[in-house]
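Taken in sequence, the protein lines are chains A and B.
When we follow numbering that gives the first Met the number 0, the leftmost residue of the first sequence carries the number 0, and every step to the right adds one.
When we follow numbering that gives the first Met the number 0, the leftmost residue of the second sequence carries the number 0, and every step to the right adds one.
Just some of the chain B residues that point at chain A, by a computed CB distance under 7 angstroms:
no., residue
1, Ala8
2, Ala9
3, Val12
4, Phe13
5, Tyr182
6, Asp197
7, Ala198
Treat the hints as calculated values from the structure; they're not laboratory data.
Computed from a predicted model, the values in this text were never measured in an experiment.
No residue lacks a Cβ here, since even glycine has one placed at the ideal position from N, Cα and C.
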Amino acid sequence: MIEIVPGAKNVEEVLEHDPVFKLIGMRLAHPAVLGAVLFLIVVAIVLLGPASESRFIYTDF
Amino acid sequence: MKLLGALGAAALVFFALLATLDLAIGAWFPSFDRLSENFSAPYLERAVRALAKEPAGSEVVAIGDSVLWGYKLPVTENVTTQLHRSGLAVRNLSFEGGSPANTYAFLRLLLANGVRPRAVLFNVNQKEFNPSDSAYQKIHPSLDALAGNLLTRDERAQLLPTVDRTSIEARLDAWISAHWHFYALRSDIREALFNQVDAAHALDNAIQIVSGAKARFDAEHRPTPARFEGTYDLSPLDEKNVSVIFLRKSAALLARERIPAVALLTPTNHVLLHEFIDTPQYGKNLEFVRRLLLRGGVRVVNLDRTFGGGEFIDNDHLTAAGNRRLAEILEPELAR
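Given the sequences, and given the hints that come with them, work out the whole structure.
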C-alpha cells in the first residue's frame with residue numbers, strides 16, 4: 000500500500016516518501032545488485048537455451 | 000562519471016560471480032555414471048583425466064555404442080551398472096552412435112592420456128559396417144575435438160568431417176568455452192538438471208506424459224521390421240570397409256599396448272529382423288569380424304543370437320532384464 004503523504008504535490012513526491020519504493024529503488028540502483036541480476040540472466044540463458052550441440056549433427060538417434 | 004563507476008562496479012560483480020561459479024564447477028562438478036546423451040568435449044576430457052589418475056589395471060573400461068550405453072534405460076539399469084553391482088570396477092565411456100572408428104579414436108585418447116585399464120570391453124555391431132550408418136565414417140564431434148589430432152593423416156582420410164570449426168560462430172563458441180567452464184559444460188549440466196538434452200525437451204516430455212500423448216505415440220510406433228530396412232548392409236565385408244579398417248587398428252593397438260580386450264558381438268533381434276539378416280552372408284560377415292578380432296588377440300563373446308525377441312526394445316537395444324542377463328554373461332569373462 001502506498002502511503003498518502005500529506006502536502007505532497009505529485010506522484011514522484013508520494014513515491015519518494017514511500018518506504019517500500021525507497022527500499023526497492025535503492026537496491027535496484029546498487030551496482031552490485033545490477034551485476035548479480037545480469038549474472039543470473041546470463042546463467043539462465045545458458046541453462047535454458049536449446050541444445051544445438053554435437054549430438055544432433057552427428058547421429059540420427 | 001558516476002554512471003561509469005556504477006557500471007564498472009556492476010561489471011566487477013558480474014565477472015566475480017562468473018569466476019566463482021567456474022571455480023565451484025571445477026571443484027564440485029559431479030562425475031556421471033555414463034556420458035550424457037549430448038556430452039561435451041570438456042566433460043569427456045575431465046572423465047579421461049579422472050581415469051588417468053586411477054591406478055593402472057584397476058578398472059575395466061567399456062567403449063561401445065548405445066547398446067553398452069543403455070539406450071532408453073536409466074543408468075541404474077544398464078549393463079555396466081549391473082556389472083558394478085556384482086563387484087566389478089567398470090567405467091562406462093560408451094555413447095550413443097559409437098562405431099569401430101569411434102572405439103579406435105577413444106583408445107588413442109585414453110592411451111595418450113596415460114590410461115592403463117585392466118581390460119577394455121567394446122561391442123561390435125553389424126549395422127555399423129553399413130556405409131549408410133550415421134556413425135560409419137564419423138567420429139563423435141566431442142571425441143574428435145580431443146582425439147582428432149592423435150589420428151594419422153591416413154586415418155583421417157578415412158573419415159568425414161562432422162562439424163565446421165572454422166566459421167565465426169564456431170570460433171566464438173570455442174573461445175567462450177575455453178574461457179568459461181560453465182558454458183563449455185552446458186550440455187552436460189542441462190542433462191543433469193532436466194534429465195533431457197534441454198529444458199524445452201524436458202517440458203515437452205512432461206506435457207506428453209501428462210496428456211497421454213507419449214503413451215499413444217509409443218504404442219503407435221512399436222518397432223516393426225520395416226523400420227529397419229536398410230539398417231544392415233549384407234555386402235561381403237572386406238578390407239576397404241571403414242569399420243573393418245578401424246576394428247583391425249583397435250585390435251592391433253590393444254595388442255601392442257598389451258591391454259586385455261573383450262569384444263562383444265552385439266545381441267541382435269533376429270525375430271524382428273529375420274527377413275533382412277537371416278541369410279548366409281550375415282553369418283559370413285559375423286564370422287569375418289570374429290576371426291579378425293581373434294587373430295588380433297581380442298577375446299570374442301558372440302551374443303548375436305543369445306537373446307530372445309522379448310529381451311529387446313528394438314533391433315539391438317536390450318530391455319532392463321536383457322541388460323541384467325548380459326551382465327551375468329559378461330561378468331565371468333571380465334573377472335578373469
